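Q: The residues making up each chain are set out below.
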Amino acid sequence: MQRKKDCVAMLLAGGQGSRLYALTNNIAKPAVPFGAKYRIIDFPLSNCINSGIDTVGVLTQYQPLLLNEYIGNGQPWDLDRNFGGVHVLSPYQKKSKSAWYEGTANAIYQNLNFIRMYNPDYVLILSGDHIYKMDYSKMLRAHIEKGADCTIAAIEVSLKEASRFGILNTNEDGSIYEFEEKPKQPKSTLASMGVYIFTAEKMYKYLEEDDNDPNSSKDFGKNVLPAMLAAGEKMFAYRFEGYWKDVGTISSLWEANMDLLGNKPAFDVSDPAWKIHSRNPLAPPEYLGENAVIKNSMVALGCEVCGIIENSVLSSNVVIEGGAVVKDSVIMSGTTVRKGAVVNYSIIDEDVDVGENAIVGEPKEEAKGIAVLGRNVTVGKGAKISSGAMIDKNISEREEV
Amino acid sequence: MSAVGVIFSNIHDENVPELSNMRTMGSIPYGGRYRLIDFALSNLVNSGVTTVGIITKNNYQSLMDHLGSGKDWDLARKTGGLVLLPPFGAKDNEGLYKNRLEALKSIIGFLTRRNEDYVILCDCDGVYRMDFSDIIDYHEAKQADITLVCHTEEIANSSKYTLIKSDASGRVTDIKLDASVNGVNKFYTNILVLNRLFLIRLIQDAVSHGYKSCRRDILQRNVKSLKIFAYDFEGYHATIDSFASYFRHNMELLNKSVRDELFGARDIYTKVRDSAPSKYGDECIVKNSLVSDGCIVEGCVENSILFRGVRVGKGAVIKNSILMQDTVVGDNAQLNCVITDKNVIIRNNRVLSGCEIQPYFLGKSTIV
Chain G
458 MQRKKDCVAM LLAGGQGSRL YALTNNIAKP AVPFGAKYRI IDFPLSNCIN SGIDTVGVLT
518 QYQPLLLNEY IGNGQPWDLD RNFGGVHVLS PYQKKSKSAW YEGTANAIYQ NLNFIRMYNP
578 DYVLILSGDH IYKMDYSKML RAHIEKGADC TIAAIEVSLK EASRFGILNT NEDGSIYEFE
638 EKPKQPKSTL ASMGVYIFTA EKMYKYLEED DNDPNSSKDF GKNVLPAMLA AGEKMFAYRF
698 EGYWKDVGTI SSLWEANMDL LGNKPAFDVS DPAWKIHSRN PLAPPEYLGE NAVIKNSMVA
758 LGCEVCGIIE NSVLSSNVVI EGGAVVKDSV IMSGTTVRKG AVVNYSIIDE DVDVGENAIV
818 GEPKEEAKGI AVLGRNVTVG KGAKISSGAM IDKNISEREE V
Chain Y
47 MSAVGVIFSN IHDENVPELS NMRTMGSIPY GGRYRLIDFA LSNLVNSGVT TVGIITKNNY
107 QSLMDHLGSG KDWDLARKTG GLVLLPPFGA KDNEGLYKNR LEALKSIIGF LTRRNEDYVI
167 LCDCDGVYRM DFSDIIDYHE AKQADITLVC HTEEIANSSK YTLIKSDASG RVTDIKLDAS
227 VNGVNKFYTN ILVLNRLFLI RLIQDAVSHG YKSCRRDILQ RNVKSLKIFA YDFEGYHATI
287 DSFASYFRHN MELLNKSVRD ELFGARDIYT KVRDSAPSKY GDECIVKNSL VSDGCIVEGC
347 VENSILFRGV RVGKGAVIKN SILMQDTVVG DNAQLNCVIT DKNVIIRNNR VLSGCEIQPY
407 FLGKSTIV
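So the sequences go chain by chain: G and Y. Here my numbering runs 457 ahead of the position in the first sequence, where the first position is 1. Here my numbering runs 46 ahead of the position in the second sequence, where the first position is 1.
Chain G extracted, bound-state conformation:
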């Protein structure tokens, strides 16, 4: 008898994430650091293992180096398995029609052989740019109980935001009668989360058809799902209640980080019943110095804090020297903020050096936007970086940008 898996997850992690600007110059969006010690991809991967799904294909295309290394053999998520486990799937050369992944549906289509290796009954499609905790096994159960061909996870959003999402119009029993991709005048506020469960055979069929359609843009939301609906397949919405955030923009990434703070945070990563697994930094405990002042912040291992921190999230091995002030900011690992420097309302990427008395961003109330410093940038002494600036080059002493 052939060994099989009930459900295989496919995680779409190929996106460039161009709206994250300097943060994704050299890394794929799912590898962007989040919440002091995580990367975005930790959330779907942890959700998988916590939901009992131990076979995950991660589809990569854009700048995969760091993501490949981070995932490794999957051991941090308990996804190193003899049969199953996590596998990074890049585009590959074929006898004919070798190509990059063209759209979400095409990326899965090119890896149907991987899915078929496990002979699954169901396929779970995930995207690598959302922060949320979700039990996929409940969604799978709903899919089976309804006898659905496709189930789409959906969440209520505000009417204002609705036109940014794929909107599901449903009957009372949850079955979908209409699917609108980014509608100007949304009829409902139930948005697709980009999490789909397909009955495997149906998905194979529609992906084959989609691939043969020369006019298709080979995208699940634009082509495959509407085609299934038009053909009268049973499609249901699965309502998800809880925290869910698309972190595809600078401001939403900043907001999601801030949502971790506070006594009763909007999003709690320390829930022992739903652990978020990650590759852990190798670092001693963080040290808070004699003159450190720290309010409402999250700090990871290996940090040395001698200055003032307020409403901020610090990743591992960040150094905040004496007299430096950091407010309303997200600082990623290995960055140093030197004496007297002031950082306000900013996102600072890994291994940045903010020189003495430099000023980055403006106080949140006055700022035009979030200031962003890309990886490995050096900001010279006394330099000034205005709010909303996107910096990916070194800034020399006393320069103002």
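Since the hints were made in silico from the structure, they are not lab data. Please read all numbers here as calculations on a predicted model, not as lab measurements. Using N, Cα and C, we set each Cβ at its ideal position, and we do this for glycine too. Please note that the accuracy of each hint is not assured.
[Claimed, not checked] Label-pair restraints from in silico Cβ distances:
(1) G:K796 - Y:A311: 22 to 28 Å
(2) G:K796 - Y:E60: 44 to 50 Å
(3) G:P729 - Y:E60: 53 to 59 Å
(4) Y:K124 - G:P729: 32 to 38 Å
(5) G:P820 - Y:V230: 54 to 60 Å
(6) Y:E200 - G:N525: 50 to 56 Å
(7) Y:A311 - G:Y478: 44 to 50 Å
(8) Y:N389 - G:G699: 29 to 35 Å
(9) Y:I331 - G:S708: 27 to 33 Å
(10) Y:R160 - G:E854: 54 to 60 Å
[Said to hold, decoys possible] Okay, derived cross-link-like pairs now, SDA-like style, lysine to any residue, Cα gap no bigger than 25 Å in a straight line:
(11) Y:K317 - G:R538
(12) Y:K302 - G:F540
(13) G:K752 - Y:D377
(14) G:K752 - Y:E344
(15) Y:K302 - G:D535
(16) G:K732 - Y:K388
(17) Y:K317 - G:I506
(18) Y:K317 - G:N539
(19) Y:K117 - G:K796
(20) G:K721 - Y:K360
(21) Y:K302 - G:G746
(22) Y:K124 - G:N525
(23) Y:K302 - G:A749
(24) G:K721 - Y:V363
(25) G:K721 - Y:D328
(26) G:K590 - Y:I342
(27) Y:K124 - G:R736
(28) Y:K302 - G:G780
(29) Y:K124 - G:K552
(30) Y:K117 - G:E526
(31) Y:K360 - G:F724
(32) G:K796 - Y:D306
(33) G:K752 - Y:V374
(34) G:K752 - Y:K117
(35) Y:K365 - G:D808
(36) Y:K317 - G:R736
(37) Y:K333 - G:E778
(38) Y:K117 - G:W731
(39) Y:K124 - G:F540
(40) Y:K117 - G:G542
Since the structure of chain G is provided, determine the placement of chain Y on it from the hints.
A: Here is chain Y on its own, set in the frame of chain G:
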């Protein structure tokens, strides 16, 4: 480097009975997120050793839980890797060894099957960062039979040390066991290097003579007949010889220079727990303290070390204390010179205090 490491996890259990009552010396928590064995183990790994045998005796559940497969130290290997060496019960012994020689005798099989040239023996009573390949280079350059790693430091009123005298070339001329001392002395750090086959011969010879003590019958007896050399280790070395010294050396980690030396150049590995990063509340005051991951701090913490998952309630004041994993301190409680073991709960408004020489200790899972 061709050497196999052997770590004695139990040998100094009696040094810190408060903490080793339910665990081995090696699994005593240290420095916010480590166990004592992490230092010996990480130093071996960072020196290029890929096979480490760990000798256990009793209470080693916590140690096994900590070490797992050894993957966190990169020691889950097909060839070599981490090898646990629990007591070996055979016809001619009762299983539990009584001294270091008997323990070594029980691992002759392990030593024989290896093919490395040297053996590095170490205990779990030291906190240091050392490159063992330097010691092996020294051992080879001196053409020594045995190299003892020594350290010179102030010893406060103790008779637990092995004092070493050596001549200008480094050759050991005198070994004094358990002498009562107070002052600066050169002592043996319980780390030694020797040839693997030579060690096997020494053990077999000691067994056939009915010897009992490694230090007395092998080292002291052979000072003249063997080429025993002292390697002077100049770096930071903390010897955990009592509860007070455990407290004092932990607190030394609040000095940047000590931290940089221990953790700066190479990593010290430990078991990963996947805790969330620590969170600090609106009203917290934290000064000169080390805080590990998973903590939630809402009160005041000064000159203290918090292990993983510690919670400090609002208005609580913690000074000069060490709070181990998952300790919960209630609102408005006050602690000074207190060491709590794992899972201790201190209720709201309690006031507890010890002093620096004799910190107040709360055992595992105590509720105050």
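Q: Assess, step by step, whether the Cα of K124 (chain Y) is no farther than 25 Å from the Cα of K552 (chain G), and give holds or violated.
A: violated (37 Å)
Q: Are the Cα atoms of K302 (chain Y) and G746 (chain G) separated by 25 Å or less?
A: holds (10 Å)
Q: Between E200 (chain Y) and N525 (chain G), does the beta-carbon spacing fit 50 to 56 Å?
A: holds (51 Å)
Q: Given the hint that K124 (chain Y) pairs with R736 (chain G), does the C-alpha gap stay at or below 25 Å?
A: With a Cα-Cα distance of about 23 Å, the restraint between K124 (chain Y) and R736 (chain G) holds, given a limit of 25 Å.
Q: Would the hint linking K317 (chain Y) and R736 (chain G) be met if the CA-CA limit is 25 Å?
A: holds (12 Å)
Q: Check whether the Cα positions of K302 (chain Y) and D535 (chain G) lie no farther apart than 25 Å.
A: violated (36 Å)
Q: Are K317 (chain Y) and N539 (chain G) close enough, with their CA atoms no more than 25 Å apart?
A: holds (23 Å)
Q: Decide if the proposed pair is consistent with the structure: K752 (chain G) and D377 (chain Y), CA atoms, cutoff 25 Å inclusive.
A: Holds: K752 (chain G) and D377 (chain Y) sit about 18 Å apart, inside 25 Å.
Q: Kindly confirm whether 54 to 60 Å is satisfied by the beta carbon distance between P820 (chain G) and V230 (chain Y).
A: Holds - the Cβ-Cβ distance for P820 (chain G) and V230 (chain Y), about 55 Å, lies within 54 to 60 Å.
Q: For the pair supplied as a hint, K365 (chain Y) and D808 (chain G), is the alpha-carbon distance within the 25 Å limit?
A: Given pair K365 (chain Y), D808 (chain G) is violated - Cα atoms ~34 Å apart, limit 25 Å.
Q: For a C-alpha distance cap of 25 Å, please report whether K796 (chain G) and D306 (chain Y) respect it.
A: holds (20 Å)
Q: Next pair to validate is K333 (chain Y) with E778 (chain G); report whether the Cα-Cα distance is within 25 Å.
A: It holds: about 14 Å lies between the C-alpha atoms, which stays within 25 Å.
Hints 3, 7, 12, 15, 19, 29, 34, 35 from the earlier list are contradicted by this structure; the remaining hints agree with it.
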